[in-house]
Each structure stands twice: as structure tokens, then as C-alpha cells.
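Asker: If you read the sequences in order, they're chains A and B. Going by numbering that gives the first Met the number 0, the residue at position 238 of the first sequence is 237; the numbering climbs one at a time, nothing skipped. Going by numbering that gives the first Met the number 0, the residue at position 200 of the second sequence is 199; the numbering climbs one at a time, nothing skipped.
Just so you know, not all the hints are guaranteed correct.
Stated by the list, open to error - Computed footprint of chain A on chain B; a stretch qualifies when at least three of its residues, placed anywhere within it, have a C-beta under 8 Å from a C-beta of chain A: (1) 33–40; (2) 168–181.
Unchecked claim - What follows is a list of derived Cβ distance ranges for each label pair: (3) Lys128/A / Glu92/B: 45 to 55 Å; (4) Ser64/B / Glu196/A: 44 to 54 Å; (5) Asn262/A / Ser160/B: 30 to 40 Å; (6) Thr14/A / Asp109/B: 23 to 33 Å; (7) Val36/A / Gly26/B: 35 to 45 Å; (8) Thr70/A / Thr120/B: 51 to 61 Å; (9) Thr148/B / Thr14/A: 15 to 25 Å; (10) Gly26/B / Arg197/A: 24 to 34 Å.
To be verified - Some but not every residue of chain B turned toward chain A, in silico, with C-beta under 7 Å: (11) Ile49; (12) Glu65; (13) His66; (14) Leu68; (15) Pro93; (16) Tyr106; (17) Pro115; (18) Thr154; (19) Ala189.
Please keep in mind that the hints were generated in silico from the structure rather than gathered at the bench. For each residue, glycine too, the CB sits at the ideal point set by N, CA and C.
Read off the chains here:
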Amino acid sequence: MKIGIGLWCLQSTATSPRSFTQNYGDLIEDSVLAEQVGVHSLWLSEHHVYYDGYCPALIPAAAAALSATSTLEIGTGVLLLPLASADRVSSAAQNLTERFDGRFHLGVGMGYRPNEFAAKGFDISDRVKRMNAGLDLLAQKRPSPLWVGVTSEVAARRAGRRGLGLFISGAFSSTVVNSLIKAHREAWEGAGSPGGERPAVGLLRNLWLADTPAERRQALDWVRSSYLVYAGLGWGADSTGVDFTAQVEASMDEVEASAIVGNADEIAENLDSYDVDLVVCRIGYDQPPRSALTEVIERIGTELVPRMASA
Amino acid sequence: MRIGLDLRKSADPAEREALARKADSLGVWAVLVGGGPSGTEVSEAASIAIATNNVHLAVWVDGSSEHPLTLAEEISILDHLSERRALPVIAAEPQIITRVQQFLDGYSHDGFHLVPPPAQTIVPVWDASEVKVLELTGDLVKDRVTIDTERDSGTTHLFVSWPGSIETMVRHLSTRALVNDFPQLVADLADALPENNWSQ
């Protein structure tokens, strides 16, 4: 099992205001550190026209992080495909693949925020149609390793039958995660196993390496508060127990329940229970001080990666 | 007049990056990249931003195949990555270029603003059809005349492709572009100085 880190959103939130320029400088430093300590990959995330500057252009940010490193893989987790020209995205991904020896991963998602579609001149009711057309183009061109972020079994099947990888949110319980994986694999097999090799599954998990009870409580509070951004964005997902539009506290409880906070052995034991190829440790919260973030990157690389290498 | 180095004739991204590093180390005002497949332009500039410190990043962007907000978003992120060095050159209809500029300036369209705003207070958005780009020959006698003519005709910023060493371009052409009484003697004598062998 490969271990990556995410999600770098590069925000300046109401909770933790900061310089955008500093954020992008920190992205480069964090990428270099992650590479040094043996982390497999670093993943970026996208939104548009949101007050906190949530990164709206992942390809340039990915290019910068790839340029600053030589072995670390960089992924988008996820780029909102219906909001962009799929052709242009494919060209950009192909360009990064060629320039950086295949270290770029293109994860795409559908998006859910009406303002983002309106700002780009699209009708949100067309998003499934645009997503399907974009996935068909990417599945044909294969410009880089491809992942599809999903929040429902329907979406998981959409990825599976095209032979595309699955990228699962950090907010979901293990029950939901396993149902998405099952739907993905069944759809792939049902479509005649396109590509011949079973597409990979990546899983975001909220986690933090912490030792004392006080540190563990602090980490869980960081996890909870990090979802304030999704309350503001209005994110909810059907049938998953997570709905930040109507049930903020209940959703935060759900997120906290699935978070993995502890020492490396405890985290490794938990991660072992998932049948996935990649775990992206969601540590890119807005509240932790920089020293805490760099420490957890180091600990993931030096303590967790070796434990998961044979899993 | 300022001279920027047009790197688009090199087909190899690694070579373009190496040239940009050299230009950066020699104080060249700007490098011009882009012009490849739509969607790849700003990402190449972002790579060069990480490899350099001071040179401005003029990036030739196809503005016809994406929403102006998307273009402005990419440029804003480049501006942060480069710490205020983004210089977009947009090839598109004038109204699209204006829209990109307005987003970067902080104006809204249909109620939507660009977030994050760029790092620079004002990002200069240039219309590709108005940007002057020349191919120099490498023959300094001829190229000096070209530079003098451009400077004296009121050109303020000129991008050139240059077949020789960047050191030569900077010593003989970037310098004389700045004033109309450049002492050519200094550049010629500098060419004749012994190589600097200080080892520390």
C-alpha cells in the first residue's frame, strides 16, 4: 500500500488567515520534505470563487511541485472536470506526464457547488453529461494515471466501467468506503475488465500521528474544524451520513468517527483493514501550526510508510 | 527599452528551463514561454518560476479555448508561485483579454470575483497582437542596428530570439537598449578582459 499526503488546498480561511503567496511557497517546501522522508505522493484539491481562495488552478500548482522534486508523485484530488475543457485538461496532463517521467496523477471529480458552474457559464444540470463526456475523452487518451473522485455508488460504477481508478473521500465511514469499492470493481468486471488490469483504488483518510491524549484530542479538533470549509461550500453526499448542508454537527461526528489518530502502529493496523492501493493521509488542515504539519509529514514518512510498504 | 528573451524556438522544455535560469542569473528582464498546446502554457511558466528568482515570466496563452475566469485563475496562481512575476500575453479577441484583465484587477462579472486575487496589485495583461517579438541574427553589427531602431522608435519592451550566448546578448544588446548613448567601448573591452578565475 502506497502512502501519500493531502489535501493541499492553499486557502486563507476565516479560521486561519494567511498569505496566499506564503501558501504556495509552503507547498514547494512541503513537497520537498515529503520526498525527502519517502512519502509516495502529494495531492492537491480544487474549488472556485470561494472566499478563502481554495486553489482554483491545480495544473500550475502541480507543475511547480513537480519541478521542485524528482521522485515525489503529485496528484489532483480532485480537479473538477465539468468546469473545464476536457481536451485542454488532457493536453495539460499529457504535458506534465512527459515532462516529469509519469509522476503526475490526474484525479477528477464532478463538482457540486452551483456558483462554480455559474461562474464558468455552465448550467449545473449539465454536470453529469459533461462529466461523462470528459471521462470518455480521458479514458481514450489516457494522458496520465487517472482517478475519479466519487461520493456515490453510481459514480463509482461510472469510473469502474471505464477502467479508471477510484479516489474516495476522507469523510466516509469504512462501510461506505467498502460499498464504493465493491460497486467500482463489479462495474469494471461487468464491462469486460477494460484495460486488463484492475484499476487502482485510492482512499483519503483523516489521520494524524499523535502520542498523548491531549495531542489526540487536538488532532481530532483539527479534523472537525477543517470541515467548516465544506459547510461553507455546501457539500453533502447522498446515503453516506455526511451532509454539511443540513447536518453540520452530525457530519462532523461522522468524520471524527472515521478519523484515525494515534501512533504509527495503531494507524497501520487501521489502514490494513482497507483493500486499497493508495492511502492519502488527509493532513492539510487549516488550523495546525506549521511546525505540527512538518512534523507529521516527517512521521508519516519515517514511521508509517515503512510499516505499510508490505501491506 | 527592455529586452526579454523569447524561448519558444527551443523545442525542449529542459533546454528552455536551463536558458531561463541563465537569463535569470544575468538579470534579463523577462523570458517568454508558452505558445504550445492550450492548457500547457502556464504550467511551463510555473516550472520556470520555481527554477528562477527574478526574471519576469511572460507567458503566451491561447485565450480562445477556455473561460476568461479560468485563464485569470491560472495566472493568479502563477503570480503567487513566482512571487509577483507573472506577465500574461493573451492571444484572443479583445473582449476576452479585457475580461481576463478585469478579473485580475478585482472586478466581478455576473457577480463572481477571482479568488485568490493575484500577488501583484496590478498584473499587466498584454494583448499578444500588440507584443513586439523579433528574431535577431546573432550578427552583432546587424542586431545593434535593429535594437537602436526599435529603441529610438519608441518601443518600450521587446522580446527577441537570440541564437548566441545569453552573456553576449546581455552585454551588447540589453545594455544598449536602455539608453541611446551606450558606450560600446565598454562592452568591447569587457569582451577582451581575462576570464575571472577567482575560485572562492
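Asker: Could you run down the list of hints and mark each one as holding or not?
Answerer: For each hint, the structure was consulted:
no., hint, verdict
1, 33–40, "holds (count 5)"
2, 168–181, "violated (count 0)"
3, Lys128/A / Glu92/B: 45 to 55 Å, "27 Å, violated"
4, Ser64/B / Glu196/A: 44 to 54 Å, "33 Å, violated"
5, Asn262/A / Ser160/B: 30 to 40 Å, "58 Å, violated"
6, Thr14/A / Asp109/B: 23 to 33 Å, "29 Å, holds"
7, Val36/A / Gly26/B: 35 to 45 Å, "37 Å, holds"
8, Thr70/A / Thr120/B: 51 to 61 Å, "38 Å, violated"
9, Thr148/B / Thr14/A: 15 to 25 Å, "58 Å, violated"
10, Gly26/B / Arg197/A: 24 to 34 Å, "54 Å, violated"
11, Ile49, "4 Å, holds"
12, Glu65, "6 Å, holds"
13, His66, "5 Å, holds"
14, Leu68, "6 Å, holds"
15, Pro93, "19 Å, violated"
16, Tyr106, "13 Å, violated"
17, Pro115, "3 Å, holds"
18, Thr154, "30 Å, violated"
19, Ala189, "33 Å, violated"
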